[in-house]
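Residue numbers (this note's numbering), protein chains in the order written: chain C, 1 to 214; chain L, 1001 to 1214.
Mixed in with the good hints there might be a few duds.
Residues from chain C that keep clear of chain L, each with C-beta distances beyond 10 Å, as calculated [what the hints assert, rightly or not]: (1) Asp55; (2) Tyr102; (3) Ala107; (4) Glu143; (5) Ala147; (6) Thr183.
DSS-like mimics (lysine-lysine), calculated; alpha carbons at most 25 Å apart, straight line [claimed, not checked]: (7) Lys98/C <-> Lys199/C; (8) Lys76/C <-> Lys38/C; (9) Lys169/C <-> Lys38/C; (10) Lys1073/L <-> Lys52/C; (11) Lys199/C <-> Lys1073/L; (12) Lys98/C <-> Lys1005/L; (13) Lys98/C <-> Lys52/C; (14) Lys76/C <-> Lys169/C; (15) Lys52/C <-> Lys38/C.
Don't read these hints as lab results, they were simulated from the structure. It should be emphasised that the depicted structure is a prediction, and the values quoted were computed from it without experimental measurement. Just so you know, even glycine gets a beta-carbon here, dropped at the ideal spot from N, CA and C.
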Amino acid sequence: MSNDHAEHVRSDASSSPLDAVLARRPQRRDGPVTPTEKTELEWVACVTAIAKDEDQAAFARLFRHFAPRVKAFLIKSGADESLAEECMQDVMATLWQKAHLYDASRASVATWIFTIARNRKIDLLRRYARPEPEELPWGPEREPDQADVMALQEDSERLAAAIRQLPEKQRNLIERAYFGDLTHSEIAAETGLPLGTIKSRIRLALERLRRAMS
Amino acid sequence: MTGIKHHISDDLLMGYAAGALPHAFDLVVASHVSMSDDARARLAGYEAMGGVVLSDMNEARIAEDSLERTLAKIAGAPNRKAPARPENGIFPEPLRNVVGGDADAVKWRSLGLGAKQCVLQSDDGASARLLYIPAGQAMPEHGHRGMELTLVLQGAYRDEADRFARGDVEFADQTTDHTPVAEGDVDCICLVATDQRLRFKGLLPRIAQPFIGI
C-alpha cells in the first residue's frame, strides 16, 4: 500500500463514521469501550458508510487492513501470487457491492469478508459457483439493533481470544481446516471453543429479523 | 422454518463453513440452512472461526495499484441488485438456482412404479439428485457405498431410524441399512447428495482429539 492511501485514510479519521455508532451505544452497557472492540466497531461503521454513502475513504480503510490478509489467506489456500492478487481485488470489490447486505448483528466484518473470500476461492480454484443459503435482507429502513451489534462484536472478540490461546498444534489444525488443507472427513467440529454464546446470539438476531420481515 | 426435528451435524456445517465439502453436499447444506435458522446460526459460529483465522493472517504484500484497480472494478461492475424475494415454492433458493425453477421445472426421469429422479450434478464421485417417491411407496434400492445426505422438501418418509419431514436432514453411510417409505397422502420429494469415494472406515476420525477438554 502506498503512502498516498495512508494519507487518504488518515485525513478521514476526524470524520470517522465510528463516532456515530459509538454515540448510539446502548446506555445499559457498562464499562469502557475496549480498543479491540473499538476496532471491530470501526470496521462495522466503515461497511455501513459504504452501504449508505458509497464512502470511498471508508472503503480505503477497510482495504488497507483486510486486503493484505485476504491475499495471504488465498495464498495459504493454494492460489499463486497473481491469482491471489486478482482474487483479492474481486473479494474487496464484492465487499463494496454487497455492503448493503452486511448484518453486524450476525457477523463481524472479518467473518463476513472471510465468507466472501472463501466463496471466491471456490469459484476460482474449484471452478464452480458455490451454492449459498438464501440471503435474509433487512427491509429498506430496518437496521439491526445496536445492542445486538455490540454484543455480537464482543462475542467475536472473545472467540478470537480463545483461538489465540489454543496450543500451537490445535491452532494449526483450525487454520488448515479453513485454508482447505483438510478434507471434510478430517474436520471435526468439536473444538472446545466458546461457540455456544455466539450461536445463541445469532439465533436471537435471526428471530428478531424474522419478526421484522413478517 | 419451525418444526424441523432432524438437524444437520456440526461436522458438516464446519466443513461447509471451511469450504471443504464436495460440491453436491454444498448444495444440500445451503438448501437446509435456507430452511433452518438453527442451522444458519450454528453455521455462523463456524464462519466466525474463519473470520478469526482471516484476522490473524500475516499480511501479504499487495500490488502498488491494488486499491485503484479494485475501485476500477467496482466502477465497471453492474449495479448491485437486491436479493430476490423468497418465492412461494417448495425449493429453497440455492436449489431453485440449480434447477432453474421450482418443483414444476424439474426434468424428471422415471425409475419405475411412479418413482422419479433428476441428477442435478455429478463430479468427483459425488452427486446431487432429486428423488420423487409416490406416497406410500418405498424408495428405490440404493446402497450407501459412501456417505449420503438427504433433505426432505415435500411430504415425509419413515425408515427404521425415524420419521423425516420437510426441512429434516438424514445422514446415512454404508453402515446404515434403511428402507425409507414415503408416508401419508403427499408424494415425497427429497434432495440427496452421495459421495461414493468415501468409506466409513476413514470417516470422521477425531483429529480433534486434543480439542476435547480444553
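Hint numbers the structure violates, sorted upward? 3, 6, 8, 9, 11, 12
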